[in-house]
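**Q** Hey, can you work out the whole structure from these sequences and the hints?
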Amino acid sequence: MTTKVSLTVNGQRVSAEVEGRTLLVQLLREHLRLTGTHVGCDTSQCGCCTVHLNGKGVKSCTVLAASCEGATVTTIEGLAPEGKLHPMQEAFREHHGLQCGFCTPGMIMSAVDMVKRKGNDLDERTIRRQLEGNLCRCTGYHNIVKAIQAGAAAMKRT
Amino acid sequence: MYDFSYHKPASLDEAAAMVSGRDDFKLLAGGMSLIPALKLRLARYSGLVDLGALDGLKGIRRQGEAVVIGAMTPHAEVAASAEVERAIPALAALAGGIGDPLVRNCGTIGGSIANADPAADYPAGVVGLGATVVTHRREIAADDFFLGLFETALEPGEIITAVRFPIPEAAGYCKFPQPASRFALAGVFVAKTAGGVRVAVTGAGPSVFRLADAEAALGKNFDAAALDTITVRADGLNSDMHASAEYRASCVGVIARRAVIQARKVRAR
Numbered sequence: 154m155t156t157k158v159s160l161t162v163n164g165q166r167v168s169a170e171v172e173g174r175t176l177l178v179q180l181l182r183e184h185l186r187l188t189g190t191h192v193g194c195d196t197s198q199c200g201c202c203t204v205h206l207n208g209k210g211v212k213s214c215t216v217l218a219a220s221c222e223g224a225t226v227t228t229i230e231g232l233a234p235e236g237k238l239h240p241m242q243e244a245f246r247e248h249h250g251l252q253c254g255f256c257t258p259g260m261i262m263s264a265v266d267m268v269k270r271k272g273n274d275l276d277e278r279t280i281r282r283q284l285e286g287n288l289c290r291c292t293g294y295h296n297i298v299k300a301i302q303a304g305a306a307a308m309k310r311t
Numbered sequence: 003m004y005d006f007s008y009h010k011p012a013s014l015d016e017a018a019a020m021v022s023g024r025d026d027f028k029l030l031a032g033g034m035s036l037i038p039a040l041k042l043r044l045a046r047y048s049g050l051v052d053l054g055a056l057d058g059l060k061g062i063r064r065q066g067e068a069v070v071i072g073a074m075t076p077h078a079e080v081a082a083s084a085e086v087e088r089a090i091p092a093l094a095a096l097a098g099g100i101g102d103p104l105v106r107n108c109g110t111i112g113g114s115i116a117n118a119d120p121a122a123d124y125p126a127g128v129v130g131l132g133a134t135v136v137t138h139r140r141e142i143a144a145d146d147f148f149l150g151l152f153e154t155a156l157e158p159g160e161i162i163t164a165v166r167f168p169i170p171e172a173a174g175y176c177k178f179p180q181p182a183s184r185f186a187l188a189g190v191f192v193a194k195t196a197g198g199v200r201v202a203v204t205g206a207g208p209s210v211f212r213l214a215d216a217e218a219a220l221g222k223n224f225d226a227a228a229l230d231t232i233t234v235r236a237d238g239l240n241s242d243m244h245a246s247a248e249y250r251a252s253c254v255g256v257i258a259r260r261a262v263i264q265a266r267k268v269r270a271r
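Chains as they are written, first to last, in our numbering: chain A, 154 to 311; chain B, 3 to 271.
One or more hints might be untrue.
Claimed, not checked - For lysine-lysine, the following BS3-like pairs were computed, each having C-alpha atoms within a straight-line distance of at most 25 Å: (1) LYS209(A) with LYS10(B); (2) LYS267(B) with LYS222(B); (3) LYS209(A) with LYS157(A); (4) LYS194(B) with LYS222(B); (5) LYS157(A) with LYS194(B); (6) LYS309(A) with LYS299(A); (7) LYS299(A) with LYS237(A); (8) LYS10(B) with LYS60(B); (9) LYS299(A) with LYS271(A); (10) LYS309(A) with LYS271(A); (11) LYS299(A) with LYS209(A); (12) LYS269(A) with LYS222(B); (13) LYS269(A) with LYS299(A); (14) LYS41(B) with LYS157(A); (15) LYS60(B) with LYS28(B); (16) LYS10(B) with LYS157(A); (17) LYS28(B) with LYS41(B); (18) LYS209(A) with LYS271(A); (19) LYS157(A) with LYS237(A); (20) LYS41(B) with LYS209(A); (21) LYS209(A) with LYS309(A); (22) LYS209(A) with LYS60(B); (23) LYS41(B) with LYS271(A); (24) LYS28(B) with LYS10(B).
Said to hold, decoys possible - Derived list of chain B stretches under chain A, where covered just means 3 residues or more per stretch with a C-beta under 8 Å from a C-beta of chain A: (25) 3–17; (26) 48–58; (27) 103–110.
To be verified - Computed from the model, here is a short list of chain B residues facing chain A with C-beta under 8 Å: (28) MET20; (29) ILE37; (30) PRO38; (31) ALA39.
Hints are computed from structural coordinates only; laboratory data are not their basis. Please read these numbers as outputs of a predicted model, since none were measured by experiment. For glycine and all other residues, C-beta sits at the position ideal for the given N, C-alpha and C.
**A** Here it is in structure tokens:
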């Protein structure tokens, strides 16, 4: 049994026919072909699938697509206008906040959510604690933390 | 995950009617336990009834000498609530330590206690504070609510609408998280209330339970040192690959002391 779900993704009105069990991440990747959002563990632990749902960071592998009727979703593709980088993306580039890059979209979406909740002036301890829901299997946390600290400060300036 | 029909009722009555007499239908709150369980095929339902549109079940308010938290209020909101921080800071801290920030944006208090995971944090707060669980049919005292492993006093189709927490004189919550899952290997909520001291333990047994010896000792002297006289018995506690029952019993004693120290610190502020 499918139902129609209509929502706004990265500023665009979209709709799709989904099953009850269809996950938000499947809607994004398979129906809308927005493959920047990754599926790592598929068990709501790694945070690679993090997107913003109505302005809040969520793990899109653990949200039903059907429950997003009327919602506003931002993915890594919609964080900055085409051809530009968001200050947090720029900070990850600048500070080499990635190794293989698989966890990066989730890290960046989670980092932007963190700034919304905790402000622009973040110390290392806060960042590490608030990053609990995102795993980097390259274990490249050191530069990720540095990038988030710089990106948070840069978001204040822009 | 097997497929199911998805329903999003606009009112509590409509939601109650949808699940009434349908044990193959399940209520969906924040989904942070239910969706993973469905994905792992630990559970299967023919229909899910999403409570996400019921705004009346969301929010936090002060009601006399109690704080009332709507069943669909996410953990992040409880953790960041100035009202909860003022009245019961230990409860705000508990909510802020559940899962991770992304999980806290979705997971709800009603969903957590209805699920009654043996290692969940909220059951310790609900029992430790002697809260009242309000459903669309009745009110259930915390001591009568949690019956066992993933088992509560909720009847089929009964919907939690809110949890009412009496404001204690002092309270503290401390947990020892299992390093991989971050679920409580042992978590203890201690509260000094009008009706006496309450000590509730999560993570260590098949369900949240009270520690009568510790309550009596702390009732005489609300100080961590009072717990030196009691022994936590390992009988009936969980034993698994992460920790033996004896280890958990030892942990409960240590964590209980830390919870008392926290409760005293907050009171001194």
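**Q** Hint by hint, note whether the structure agrees.
**A** Right, here's what the structure says about each hint:
1. LYS209(A) with LYS10(B): holds, 21 Å
2. LYS267(B) with LYS222(B): holds, 18 Å
3. LYS209(A) with LYS157(A): holds, 23 Å
4. LYS194(B) with LYS222(B): holds, 11 Å
5. LYS157(A) with LYS194(B): violated, 52 Å
6. LYS309(A) with LYS299(A): holds, 16 Å
7. LYS299(A) with LYS237(A): Answer holds: LYS299(A) to LYS237(A) is near 21 Å, not above 25 Å.
8. LYS10(B) with LYS60(B): Between LYS10(B) and LYS60(B) the Cα gap is close to 16 Å, so the pair holds against 25 Å.
9. LYS299(A) with LYS271(A): holds, 16 Å
10. LYS309(A) with LYS271(A): With a Cα-Cα distance of about 12 Å, the restraint between LYS309(A) and LYS271(A) holds, given a limit of 25 Å.
11. LYS299(A) with LYS209(A): holds, 23 Å
12. LYS269(A) with LYS222(B): violated, 45 Å
13. LYS269(A) with LYS299(A): Holds, at about 18 Å.
14. LYS41(B) with LYS157(A): Judged against 25 Å, a Cα distance of about 22 Å means the pair holds.
15. LYS60(B) with LYS28(B): Between LYS60(B) and LYS28(B) the Cα gap is close to 19 Å, so the pair holds against 25 Å.
16. LYS10(B) with LYS157(A): With a Cα-Cα distance of about 13 Å, the restraint between LYS10(B) and LYS157(A) holds, given a limit of 25 Å.
17. LYS28(B) with LYS41(B): holds, 15 Å
18. LYS209(A) with LYS271(A): The given pair, whose Cα atoms are some 13 Å apart, holds under the 25 Å limit.
19. LYS157(A) with LYS237(A): violated, 33 Å
20. LYS41(B) with LYS209(A): holds, 23 Å
21. LYS209(A) with LYS309(A): This hinted pair holds, its Cα atoms lying about 19 Å apart.
22. LYS209(A) with LYS60(B): holds, 16 Å
23. LYS41(B) with LYS271(A): Measuring from Cα to Cα gives roughly 32 Å; hence the hint is violated.
24. LYS28(B) with LYS10(B): holds, 12 Å
25. 3–17: This one holds; 7 residues, not fewer than the three required, reach chain A with a Cβ under 8 Å.
26. 48–58: holds (count 4)
27. 103–110: Result for this restraint: holds, n = 5.
28. MET20: violated, 14 Å
29. ILE37: holds, 5 Å
30. PRO38: It holds, given that the least Cβ distance between PRO38(B) and chain A is near 6 Å, below 8 Å.
31. ALA39: violated, 11 Å
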